[in-house]
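The primary structure of each chain is shown beneath.
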Amino acid sequence: MSNFFNKSDLTRQDADKLVSETLNNCDDGELYLEESKSESILLDDNKIKSSNYSSDLGFGFRAISNEVVAYSYSNEISKDSLKSSSENLKSTLKSIKGTYNHEIPKSNKKFYEDINPIEQKSLDSKLEVLNKVNDFLRKKDLSVKQVTASFAGEQKSIEIIRSGGEALTDVRPLIRFNVSVMLEKNGRKETGVYGIGGRQSYDDYLKNDNWKNVCEEAFRIASVNLESKPAPAGEMKVVLGPGWPAILIHEAIGHGLEGDFNRKKTSAFHDLMGEKVASEGVTIVDDGTIDNRRGSLTIDDEGTPTERTVLIENGILKNFMQDRHNARLMNTRSTGSGRRENYRHIVLPRMRNTMMLSGNQTQDEMIKSVDKGIFAVSFGGGQVDITSGKFVFNCTEAYEINNGKIGSPIKGATLIGDGPSILKEVSMVGNDMMLDPGIGTCGKAGQGVPVGVAQPSILIDKMTVGGTKL
Amino acid sequence: MVKDQEFLKSKASYCLDLAKKMGATDASVTVGHSISETVNFRNKSLEASDRSDGLALSIETYLGKRRSSISSSNLLDENIKTLIEKCFETTKITPEDEFNSLPDKNLLAEQISSLDLYDETRFENDKKIKYLKDLEEAASSDKQIINTESSFTENKSNFILANSDGFCDGYKTSSFTTSCVTVAKDENSMERDYEFSSKRHLSDIKQASDLGNKAAEQTIRKLSPNKIGSEKINIVFDKRISKGMLSVFASAISASAISRGTSFLKDKIDQQVFANSINVIDKPDIIKGMGSQNFDSEGVNSNTLQLIENGILKNYLVDTYNGKKLNLQSNGRSGGTTNLYFENGNISYEDLLKKNSKSLYITETIGHGSNLVTGDYSVGATGFLVEDGEFKYPVNEITIAGNFKDMFKNITLANDLEFEYSINSPTMMIEGMTVAGK
Chain A
96 MSNFFNKSDL
106 TRQDADKLVS
116 ETLNNCDDGE
126 LYLEESKSES
136 ILLDDNKIKS
146 SNYSSDLGFG
156 FRAISNEVVA
166 YSYSNEISKD
176 SLKSSSENLK
186 STLKSIKGTY
196 NHEIPKSNKK
206 FYEDINPIEQ
216 KSLDSKLEVL
226 NKVNDFLRKK
236 DLSVKQVTAS
246 FAGEQKSIEI
256 IRSGGEALTD
266 VRPLIRFNVS
276 VMLEKNGRKE
286 TGVYGIGGRQ
296 SYDDYLKNDN
306 WKNVCEEAFR
316 IASVNLESKP
326 APAGEMKVVL
336 GPGWPAILIH
346 EAIGHGLEGD
356 FNRKKTSAFH
366 DLMGEKVASE
376 GVTIVDDGTI
386 DNRRGSLTID
396 DEGTPTERTV
406 LIENGILKNF
416 MQDRHNARLM
426 NTRSTGSGRR
436 ENYRHIVLPR
446 MRNTMMLSGN
456 QTQDEMIKSV
466 DKGIFAVSFG
476 GGQVDITSGK
486 FVFNCTEAYE
496 INNGKIGSPI
506 KGATLIGDGP
516 SILKEVSMVG
526 NDMMLDPGIG
536 TCGKAGQGVP
546 VGVAQPSILI
556 DKMTVGGTKL
Chain B
23 MVKDQEFLKS
33 KASYCLDLAK
43 KMGATDASVT
53 VGHSISETVN
63 FRNKSLEASD
73 RSDGLALSIE
83 TYLGKRRSSI
93 SSSNLLDENI
103 KTLIEKCFET
113 TKITPEDEFN
123 SLPDKNLLAE
133 QISSLDLYDE
143 TRFENDKKIK
153 YLKDLEEAAS
163 SDKQIINTES
173 SFTENKSNFI
183 LANSDGFCDG
193 YKTSSFTTSC
203 VTVAKDENSM
213 ERDYEFSSKR
223 HLSDIKQASD
233 LGNKAAEQTI
243 RKLSPNKIGS
253 EKINIVFDKR
263 ISKGMLSVFA
273 SAISASAISR
283 GTSFLKDKID
293 QQVFANSINV
303 IDKPDIIKGM
313 GSQNFDSEGV
323 NSNTLQLIEN
333 GILKNYLVDT
343 YNGKKLNLQS
353 NGRSGGTTNL
363 YFENGNISYE
373 DLLKKNSKSL
383 YITETIGHGS
393 NLVTGDYSVG
403 ATGFLVEDGE
413 FKYPVNEITI
423 AGNFKDMFKN
433 ITLANDLEFE
443 YSINSPTMMI
453 EGMTVAGK
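Here the protein sequences line up with chains A and B, keeping their order.
When you line the first sequence up against our numbering, it's residues 96 to 565, in that order.
When you line the second sequence up against our numbering, it's residues 23 to 460, in that order.
Any given hint could turn out to be false.
Claimed, not checked - Pair by pair, the computed Cβ-Cβ distance ranges are:
(1) A:K102 to B:D26: 22 to 30 angstroms
(2) A:T106 to B:D208: 55 to 63 angstroms
(3) A:T264 to B:S123: 39 to 47 angstroms
(4) B:N349 to A:S522: 55 to 63 angstroms
(5) B:D438 to A:G259: 55 to 63 angstroms
(6) B:N437 to A:K371: 49 to 57 angstroms
(7) B:E111 to A:G538: 29 to 37 angstroms
(8) A:D459 to B:K336: 51 to 59 angstroms
(9) A:S503 to B:Q293: 26 to 34 angstroms
(10) B:D307 to A:N161: 47 to 55 angstroms
(11) A:E322 to B:S136: 28 to 36 angstroms
(12) A:E322 to B:Q293: 26 to 34 angstroms
(13) B:D307 to A:S220: 46 to 54 angstroms
To be verified - No more than 16 angstroms apart at the CA atoms, straight line, and that leaves these computed lysine to aspartate or glutamate pairs for EDC-like:
(14) A:K227 to A:D139
(15) B:K347 to A:D139
(16) A:K360 to A:E116
(17) A:K185 to B:E69
(18) B:K66 to A:E162
(19) B:K103 to B:D39
(20) A:K192 to A:E116
(21) B:K460 to A:D556
(22) A:K142 to A:D219
(23) A:K144 to B:E118
(24) B:K114 to A:D556
Rather than coming from a laboratory, the hints here were simulated on the basis of the structure.
Glycine included, C-beta positions come from ideal geometry on N, C-alpha and C.
Take these sequences, add in the hints, and give me the full structure.
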């Protein structure tokens, strides 16, 4: 755990006093202290291209009254710096008075260990793995023309000091291992990417030469794409594979169920609470409590313990995801979804691990039921316009389905749909729910945070596929 | 106040001296300081204020051809010392790479001229509040607008770049950015759109009411959209989308993508890649330019580059490392393009719209559907159906797709170029793309 006060002229008592004094007449707020250590090591083009280490330390001071949020951050933890932030907050909120809410739920459950993954594996052994990846893939097949492999590791320590001196702390490890391979055959080039990660040590993910499986998967995706044909264009049936394709849920539904957009009534879902928004059999939860997952958090960035929030239960909209600010203004409670990229950013309600739960059909049944459509196995990124509800995501591995059978692979195409109606088009839910491999980063208002997704195979009756073949 | 040059220089030379003392053969360091103040409004009242004050340091140490780097926001001498030690220890065990080096000395920028990138005017938060009030008043005057959100950010930055070959320079920059997002609703749909303005100097920022009116107008016209059928169609890209084609082009000609072989424009120097009427220029010395710079992120002098001349690819964007790999001299583009633009075409905006009896006018795209390796392009889009030069109705929930190699050769540009951002393009038409809809 970091001690934020031992290298500063600011004592813990000074900080407590200043926090209480600043937030006294506000509805909520806190001093958020953060220290992070991170590394990234990249092998590219047969060489260790870069090895970077970075350390970051700073605070963000937030005061909220009524609907107004005042925020000030600095990377200098000192008496002067905290005082000037305090002045800044007071001047913004000078004419708005509130009553501080001291209540914050407690839990002693932890979903990951206090480790520093960077220190747990020597630089030498990380370099060795990267070089092995490069050799393995280049020897595997003559069509391999480029290999990129990387490690990213981080340890983030936070402390939240609330008015009255209550303090909440968390230490969060996070790692990611990624392999990208480019193949060239008969003048065509295609790339395959695969990665793994979560809130454990590197070796928890790399044991039993697991790096080889990551390489094989990246290679397999690239090989499939070398044979791909132009994708069809138009509306058709779409079968989604289990696991990572759940970013569809994240984009189509997840963002629209975040508290801020609904308080502001800018989400297409804001007036649908309690209504049927999905087919029967569709249940979606957002869960911050799964051990060691990329999107899991012991406490959120306001100090609230995370939970498993049911968003949609058997087709009915049940809950939005809330941070303290939006929860207070909407007369409800925080769901432990208040997150920020780091101390430079304000807290927003965000997703953690967003999951559609299993039903009882099989992927086979789904494919067999489709005359003409596509089977999408893996995706790159996605995006949503939460107001119109329209969302897209890009296939990185997909196949045609003709007369109930999987056909040729198709080129990367964008799929587009309408968030509030897409889940009503789900006609089969598989029994094969799977978590993604631990690679997701969600962007909102310029802030990226690690997230997870999960889903079983599903059949969507109608979606627009953005290919070139009419 | 943003820290002065003397403070940043003293930190930079402290780092270089320390790295040298530990045995580094070369080193380079960037020290920067930035202060930003933002005020956010929603529905005509104050929603948030945000002040940020951040120092940043990054150091690269070399031991012969070995290199590694660190970065930190903590500029206490004691912390810097620990980090440089760690950095140098890492350098020692990082494998050699023959292309690692500081830039060639004779390429370093020598005399830097003022490009007027800094406006010291303080725009107090009370004035930002007044501006945003006026802006939202205008934005919400139509009753179909049900939500307005706007912000004003003032930023002042300063930096020093120094290396062990004696380069040590930097300068202040400022920016003033204001934006407005509006939501409109009718019985059929709810739509969102935006407008923004970003300038080096406060006096160049758009009038608050103009910005608000524009955002509202652009949102209201999107209401009650239709989906259209799947077909081949000519697409007109609004300026805010056409400039994105230049971003894709810039990524595809970066020396890094070329040397790794992961670009659809590899080995295309001196070949036709655009229609022969197209010229693309990257100009670093535009006065008050949003992308202007005196030198690149390695200290290398950057001159104006003609990237495309009559449709032919003339230059890649070259930095030191990838330049050495490709046997090319750095052209001062470590960190990418500066002020990048298409030269004007020779047809007016109105005539471009009338050129075909039917076309699709795109105002927004979503998704990350550009594949730089294959050139394949497929994104979600919203826009308008245009017939005989007239906007007929809004269109959404469609995708547009093609391949950049073909798209670039079928571009026609209007003559309405304006220098608003760091990347600028006239309105663009591309013939024969595929729309997927119903």
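Results of checking the hints against the structure:
no. : hint                                 : verdict
1   : A:K102 to B:D26: 22 to 30 angstroms  : 25 angstroms, holds
2   : A:T106 to B:D208: 55 to 63 angstroms : 58 angstroms, holds
3   : A:T264 to B:S123: 39 to 47 angstroms : 44 angstroms, holds
4   : B:N349 to A:S522: 55 to 63 angstroms : 58 angstroms, holds
5   : B:D438 to A:G259: 55 to 63 angstroms : 59 angstroms, holds
6   : B:N437 to A:K371: 49 to 57 angstroms : 53 angstroms, holds
7   : B:E111 to A:G538: 29 to 37 angstroms : 34 angstroms, holds
8   : A:D459 to B:K336: 51 to 59 angstroms : 55 angstroms, holds
9   : A:S503 to B:Q293: 26 to 34 angstroms : 32 angstroms, holds
10  : B:D307 to A:N161: 47 to 55 angstroms : 48 angstroms, holds
11  : A:E322 to B:S136: 28 to 36 angstroms : 57 angstroms, violated
12  : A:E322 to B:Q293: 26 to 34 angstroms : 28 angstroms, holds
13  : B:D307 to A:S220: 46 to 54 angstroms : 48 angstroms, holds
14  : A:K227 to A:D139                     : 13 angstroms, holds
15  : B:K347 to A:D139                     : 13 angstroms, holds
16  : A:K360 to A:E116                     : 34 angstroms, violated
17  : A:K185 to B:E69                      : 15 angstroms, holds
18  : B:K66 to A:E162                      : 12 angstroms, holds
19  : B:K103 to B:D39                      : 11 angstroms, holds
20  : A:K192 to A:E116                     : 13 angstroms, holds
21  : B:K460 to A:D556                     : 13 angstroms, holds
22  : A:K142 to A:D219                     : 14 angstroms, holds
23  : A:K144 to B:E118                     : 10 angstroms, holds
24  : B:K114 to A:D556                     : 58 angstroms, violated
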